[in-house]
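Below, each chain spelled out in residue letters.
Protein chains: 2
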Amino acid sequence: MLLPEKAKIIEVGPRDGFQNLEEFIPTDVKLEVVDRMVSAGFKKIQVTSFVHPKAIPQMKDAKEVAKAAVEKYKDVEFVALVPNFHGAKAAYEAGIGEVSCVISASEAHNKANIRRTVEESLLELEKIRSEFKTLKIKLDIATAFGCPFDGKVPVENVIAMMDRAYGMGIDGVCLCDTIGVANPAQVDEVLKAVKAAYQDKEIGLHMHDTRGMALANIVVALQNGFNLFEAAAGGLGGCPFAPGAAGNVASEDLVNMLEEMGVSTGVDLEKAVGVARLIKEKIKPELTGHMVNVCNC
Amino acid sequence: MLLPEKAKIIEVGPRDGFQNLEEFIPTDVKLEVVDRMVSAGFKKIQVTSFVHPKAIPQMKDAKEVAKAAVEKYKDVEFVALVPNFHGAKAAYEAGIGEVSCVISASEAHNKANIRRTVEESLLELEKIRSEFKTLKIKLDIATAFGCPFDGKVPVENVIAMMDRAYGMGIDGVCLCDTIGVANPAQVDEVLKAVKAAYQDKEIGLHMHDTRGMALANIVVALQNGFNLFEAAAGGLGGCPFAPGAAGNVASEDLVNMLEEMGVSTGVDLEKAVGVARLIKEKIKPELTGHMVNVCNC
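Residue numbers (the working numbering), protein chains in the order written: chain A, 134 to 430; chain B, 134 to 430.
The set of hints was computed from the structure by calculation and includes no laboratory data.
A hint or two may mislead.
Treat identical chains as interchangeable: a pair holds within one or across any two.
To be verified - 27 Å max Cα-Cα, derived DSS-like pairs, lysine-lysine: (1) Lys-285 x Lys-139; (2) Lys-404 x Lys-285; (3) Lys-187 x Lys-285; (4) Lys-325 x Lys-139; (5) Lys-260 x Lys-417; (6) Lys-260 x Lys-177; (7) Lys-200 x Lys-244; (8) Lys-207 x Lys-404; (9) Lys-196 x Lys-176; (10) Lys-200 x Lys-177; (11) Lys-196 x Lys-177; (12) Lys-200 x Lys-285.
Source: prediction; values computed, not measured.
In isolation and in its complexed conformation, chain A is listed as follows (with noise of 0.2 Å):
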């Protein structure tokens, strides 16, 4: 099997992670996760969300995490989400090198995650770009593999969208699996027309494992050559409403795979483990990861 020989693994745990858990972390708790996650290899985390905290509490300390971590770590790269440009402002300001906006592309799933229409996004996007030319900025594109409402997405809507992003000079794009619905015939589909489409570019992952499919889709992106994804520490996020339910696919459970396979991680396995273990103790008892529910016998 032809795979990359290095691939890089973005820790989105403190975001995506955490955003849905009702009760607050307090602020030393979540740094030292990112400590801890720093420590086990990572070198890209997407640390927090510059959103309003009436809309998600559990991120009002978004400018304390984002700082704390930014002056403690020089060769780490932290990214910060922001569903706006007042989000975007804030991250900047608290010295964040990066951020990710998320725009899905189907219709429906936009305006009931943001409550804006795709071309408004679009455009909140293009003056971010345009007011904060040294930001890097990502775009994320959610349900690119298909979308509660409105179902399968096809592939062109992704690709329009990627044009636009690129046209305005986005940075980086990452397609989402939102819901984790995507299988691996059909990555490997949309992977193909994306690679015809964007040769060069470095596109990321950002699958759920909703459906228990995280893994086997990730095989077929590394089959096409991908080698950029977004992961959550034991698996944390996804749904807040079906507490069994799978969310990311698991950092640690990710990096076993991808050293099992020969593709180097940078990560220590053992210690990405430790991160979702020290998660379990103190943050969510019943994490839906593998790794740090193994058995050894």
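Position chain B against the provided structure of chain A, taking the given hints into account.
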């Protein structure tokens, strides 16, 4: 992606799934589960194990379960696992048409699992074969992808065991990732070697999801033309000492992925999820399968 048009799933929940559960499941509940599996469209079910009741008390009603299932459903194949000649005889007498005999590809695991050397196990298999001419006999090669004691298992060992099995007239072989350590690159390598040796044989795969790689491994198997998979409702099975650890690949997760990929299974997804829900309600509240816990949001 080139995929088989169809795949066959052998539902092993009533044996591999139930055998590790401590509390005895009443015979009528076991049979209710089998009823629901049949109604979901499963055409082959590993229904019980003819093992000494002191070794696995859960299977003490093997005879009743097997007889009831065989008599009720003439168009479904019922398989029983048997650890030895005595078990094969009991299965045969109960009307079972096919038995699974387990031998590990690694010496240490075979000793730990059946207290025999691999050679002793092979001689017992030969004895079963020569005594029961009309019984379909399948060899389950345990630890085919890795052993908890011996580590990686050379594919030569697996093929040597297949040589012996086919040489004595065994009807089928199933390669088992007993402890869920196989990774997709390894599966690709092993299956290519196995296929080169036995091109025309129908070879099954029994993948555990311990480290979350079961579906990824199955995708690679599909890419190599394999299409016979064992799975257990709800993801039952695995290690009883790690409650959060995943067991077998969940049948309904597998049905979902295969059908989404356009590989026909003959199983009704909704009804397969229904089987897992029944097990969740009546037998084991916490299941590691995905579809049974999925969130519709």
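Here's how the hints hold up against the structure:
1. Lys-285 x Lys-139: Between copies only: 23 Å across chains, 31 Å inside a chain, cut-off 27 Å.
2. Lys-404 x Lys-285: The answer is between: 23 Å across copies meets 27 Å, while 38 Å in one copy does not.
3. Lys-187 x Lys-285: neither (32 Å within a copy, 52 Å between copies)
4. Lys-325 x Lys-139: both (20 Å within a copy, 24 Å between copies)
5. Lys-260 x Lys-417: Neither: 38 Å inside a copy, 53 Å across copies.
6. Lys-260 x Lys-177: within (25 Å within a copy, 59 Å between copies)
7. Lys-200 x Lys-244: Neither. Shortest intra-copy (31 Å) and inter-copy (57 Å) distances fail the 27 Å Cα cut-off.
8. Lys-207 x Lys-404: within (20 Å within a copy, 53 Å between copies)
9. Lys-196 x Lys-176: Cα proximity of Lys-196 and Lys-176: one copy only (20 Å, versus 58 Å across).
10. Lys-200 x Lys-177: within (15 Å within a copy, 59 Å between copies)
11. Lys-196 x Lys-177: For Lys-196 and Lys-177, the Cα distance is within 27 Å only inside one copy (18 Å; across copies 58 Å).
12. Lys-200 x Lys-285: neither (39 Å within a copy, 46 Å between copies)
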